[in-house]
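Participant: Each protein sequence line maps, in turn, to chains S and E.
Using this note's numbering, the first residue of the first sequence is number 1, and each one after it goes up by one.
Using this note's numbering, the first residue of the second sequence is number 326, and each one after it goes up by one.
Derived by calculation from the structure, the hints in this document are not laboratory data.
Glycine included, C-beta positions come from ideal geometry on N, C-alpha and C.
Mixed in with the good hints, there may be bad ones.
What the hints assert, rightly or not - Derived DSSO-like pairs (lysine-lysine); straight-line CA-CA distance at most 30 Å:
(1) Lys647/E - Lys126/S
(2) Lys518/E - Lys642/E
(3) Lys126/S - Lys416/E
Claimed, not checked - Some chain S residues near chain E, calculated using beta-carbon distances under 10 Å:
(4) Val259
(5) Ala298
(6) Ile311
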Amino acid sequence: MSSKNVNTELKTRKLNETLLQNLVTLGILVLISVIITALIPRFLTYTNINNVLLQISLIIIVGSGITLLMISGNFDLSVGGVLALAGVLFAFLSRAGVPTFFALILSVIFGSLMGALNGTLVVNLKISPIIVTLGTMYITRGLALIFANGSMISSGLPGDFRKLSNTYFGPMSLVIMIVIAVVIIFIFIQSKTNLGQYAFFIGSNRETARLSGINIGRTVSILYILVGTLAGLSGVILASKLGTGDSSVGDGFEFDVIVAAVIGGTSVAGGKGSISGMVLGAMILGVLNNSLNLLGVASYYQLVIKGLVLIGAIVLQRYIVEKFS
Amino acid sequence: MSGEEKKVKFYQQAYFKNIFILLLLLVFVIIFSIIAEGFFSYNNLVNIIRMSIYPILTGLAVTILMAAGYIDLSVGSTLALSSLVFAMLVKANISIFPSLIIAVLAGTACGFINSLAVVRLRITPVIATLASAYIIRGITFIIAGDQANIRGLPESFAYLGRGFVGPVPFQLILIVVFVLIFYFIERRSLLWKYSIAIGGNPSAAILSGINVVGIVSILYILTGTLAGLSGAIMASRLTVGQKLIGYGFELDVIIAVLLGGTSFRGGEGSIIGTVIGALIITILGIGFNMAGMPSFYQYVIKGVLLILAVLMDNYVKARLRKVGAG
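Take the sequences, apply the hints, and build the full model.
Facilitator: Put into structure tokens, the structure is as follows:
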């Protein structure tokens, strides 16, 4: 069999598995939605659906990068901290008189820099991703608190601070358009570019990837930078939506993002995952949160449920894969 | 290389690291004695002992866990759960000792659940314990209900965290007892040897007949139990049951253990190192507070310290390899 055939076959199998995984996830999403609609009719209204989409928009943006990163067998716990820091920085710079647009760009770039720092520590200094990103999670959270002087920056912000989240094109908000654009770009990266292929190879078998001449260090660094950039982008969107630079936002955000990716079939061990699956996973998470809110379930029950959903998703996913192969 | 030689080299490395962090501890003590008024005093010494008991006790168990190549991110939530359970039971007029036992057992249960998730469901330790951290925190909130704090506890409740035996703080006695037990485990027990073997080479450990599932379960249960005990002691010191404590505790413990020379990849660890590491992290917290630095600056410092601890470990290893002793 020629190598091209092997490659195509590998691709078809991967595609089939992803398709099956996505169908199961979609099935669960539909099932939950049907049950919720039966229980709470106002679940299926335009306003509420819009609400759910807005709630999960940040998860989807960052999740697009995290999925690729996790496929490569890496990990990032610092996205919640980077999100808070970028938001605070956005407010800090805007208040200091930097034109809003530049403040926004600078804050997003700062997110990229934090990603680059994560990448450097993981790749060049060979520290485990968990330790590095646990460290930078606290560093970024601490910096956010320092810039916000212990709480938040809410006064003295320019009038166009909220413009990013207020802009609508017809019925569609700019934020939703950004989400769609990010997802399309990352699906493209995953399926059509070397970066996506390399991430997959590195996560499946690092040694083989190295021996076949893939520059692992550069690939992983780029992935961390992408995740940092997306976390920064999410941070400025959230700050713009809240109208404040709040240092306490994004607590547990890394958990939501990882849950979304894992529900969508991304393997924690690397080598497997899909961005479309992550989007479905985020929707399940959003629908679940929203319906628990509508049902009046206190927020701390949601912590327990989210934890259980994560573990359930991992076990179910493994079961499906074992059945399939 | 003969076994004897190997042993000598291992101790060289452990010895070198312990000396290094002992110096680090000394440097911090000197700095804070200069910049923070009242740092170098008997009262503050007692305070340091009382505050260091949590990372020390939990860190002892986490040392073996991490030496075996595993991790637990849920110890902060476990600590909060146990502290709340302890305070609520005493508040409900159950006597101190049974309440304490139940509170510690609550921690044991958390450890047991972690062990199930990691060894039975085979979920990656980081993910499993991150999930259980949220689950346990949620359960703590559910148990607490609307109460933010549980106050009005009897005087005797405070003994565990504030009591004295003559001039000696009771907590110091607890620390010494537990450190001796774990030092014994390190030097004499199969549990330690097996854990190091699992951390060093999991496949080889399985092939040589070590019951990996059993050992790792014991380590998670031990970690949960000691995190539970730490929580009970913390509730006692504060004389309030609080649901919001223990955030970032897992970071403190991991930093202490890594500073102490336990490798994140598993395969080596040091009990005495962990004790020194825990003292460093405690002294940093207290010292910066006394010097008037807002607590959120400490997040940054701790994050940097975590990464530096691992870098130091890598550096020492590379260095020892160069001189032919690693």
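Participant: Each hint: holds or not?
Facilitator: So, going through the hints one by one against the coordinates:
no., hint, in the structure
1, Lys647/E - Lys126/S, "18 Å, holds"
2, Lys518/E - Lys642/E, "21 Å, holds"
3, Lys126/S - Lys416/E, "50 Å, violated"
4, Val259, "8 Å, holds"
5, Ala298, "8 Å, holds"
6, Ile311, "5 Å, holds"
Taken one by one, the earlier hints fail for this structure only at number 3.
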